[in-house]
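Enquirer: Chains as they are written, first to last, in this note's numbering: chain A, 1 to 92; chain B, 1 to 267.
Be aware that a few hints might be false.
The calculated lysine-lysine pairs, modelled on PhoX-like cross-linking and capped at a C-alpha distance of 20 Å, are [said to hold, decoys possible]:
| hint | chain 1 | residue 1 | chain 2 | residue 2 |
| --- | --- | --- | --- | --- |
| 1 | B | 263 | B | 246 |
| 2 | B | 235 | B | 246 |
| 3 | A | 80 | B | 229 |
| 4 | B | 246 | B | 229 |
| 5 | B | 235 | A | 84 |
| 6 | B | 263 | A | 80 |
| 7 | B | 235 | B | 263 |
| 8 | A | 7 | B | 76 |
| 9 | A | 84 | B | 246 |
For the record, the hints were derived by calculation from the structure and aren't laboratory data.
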Amino acid sequence: MASPLTKEQAIDLYFMEHRAKVIDLAAFLDRIDRASGEPSKDFRISAMREAIALLLDGQSDRARRILELWSDPTENPIDKTTTKGASGTWNR
Amino acid sequence: MYIDPHIHMVSRTTDDYQRMAQAGCVAITEPAFWAGYDRASVNGFVDYFRQLTDTEPRRAAQFGIAHHTWLCINPKESEDVGLAREVLGVIPRFMDRPNVLGIGEIGLNKNSKTELIILEEHIALAKRTGVLMLVHTPHLEDKLKGTRLIMDAMRNQSIDPGRVLIDHVEEHTVPLVLDRGFWAGMTLYPDSKVTPQRAADIFELHGTDRLWINSAGDWGVSDPLAVPKCRVEMKRRGHLAETIRKVSFENPLQFLSQSGRFKITTA
Ligand SMILES: [Zn+2]
């Protein structure tokens, strides 16, 4: 099913919303810089930086590729659960 | 007019039923899920199943919404195999209630061996009793792996994929689920699943067959009006009224009608 929008219409309709999200992301990374403690090596932020690089690689299917990048790539069930929650990106 | 095929009304107020009715909701289905804490015994589930098969249909009927449900012990509580098997033992007592459509939302959470064993036992129960299944896929980084394990577990018991809805699909799992003949559900959550915009994108990418939208509204950050919001998003983009009706009404009607028990009026 094709998109009913022209490129111009898609930009007009969604630019402001996503402009705000880009600034949010920038402010989030700044917030981590300003927070106390050593420079962070948190695996989630490393994964986020990789995803940001992927946005600029010129290829399409970005949403699917970021979700795959952040997914557990293993195939077999784990022996036992240690938590009910998920952290948002796979900790390699 | 729309159907919300996955919403946890036990966690919502009566005002939500009213607002959903005002937004055009005519029917819902409510899968059994995790209450936010682990229940102490099988009796907690017996009471929950009474609430799902007796209290909620009456509460929904006040607003002309037909209420249906799915029964199971959810994967978050199935690490305790003894408890899980006790719950599996009481489910058949409720299967004849008129609003029970099948087994759900079963599935996986952390993709553990125990979760998989209890999932397999639910699949066997559904197969034995000939009912539909509604399946929860894991969150975030666990989703892709869990979706594959779930589909393999269905195949191992020769389940007809046309009678299984795999829920909470996102861009990386939609094609896998649809290519294997299953139905797929997109959950509209503000943060952790898909937004109305992304759901509309996914319809454009993968078509509208065997694919529906739901709010999965529950006790967490969620929105019981997410389905009508997605309808507005599709309209705003210029999608046809018949396309919007297909994904938010005809598709759930087609899948759920296979149960022989799904209805869209409370009369
Ligand atoms: Zn749910």
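Enquirer: State for each hint whether it applies.
Expert: Status of the hints after comparison with the structure:
Under the criterion of a C-alpha separation no larger than 20 Å, the hint pairing residue 263 of chain B with residue 246 of chain B is consistent with the structure, at around 17 Å. Straight-line distance between C-alpha atoms of residue 235 of chain B and residue 246 of chain B comes to about 13 Å, which keeps the hinted pair within the 20 Å bound. Between residue 80 of chain A and residue 229 of chain B, the direct Cα distance comes to roughly 39 Å. Violation of the 20 Å bound is thereby established for this hinted pair. Distance restraint check for residue 246 of chain B and residue 229 of chain B: the Cα-Cα separation of roughly 15 Å lies within the 20 Å cut-off, and the hinted pair is therefore satisfied.
Straight-line distance between C-alpha atoms of residue 235 of chain B and residue 84 of chain A comes to about 38 Å, which puts the hinted pair past the 20 Å bound. With a C-alpha separation of about 41 Å, the suggested pairing of residue 263 of chain B with residue 80 of chain A is violated against the 20 Å cut-off. Simply put, residue 235 of chain B and residue 263 of chain B have alpha-carbon atoms about 26 Å apart, too far for the 20 Å limit, and the pair is violated. At roughly 43 Å between alpha-carbon atoms, residue 7 of chain A and residue 76 of chain B are farther apart than 20 Å, so this suggested pair is violated.
Under the criterion of a C-alpha separation no larger than 20 Å, the hint pairing residue 84 of chain A with residue 246 of chain B is inconsistent with the structure, at around 35 Å.
When held up to the earlier numbered hints, the structure conflicts with 3, 5, 6, 7, 8, 9 and fits the remainder.
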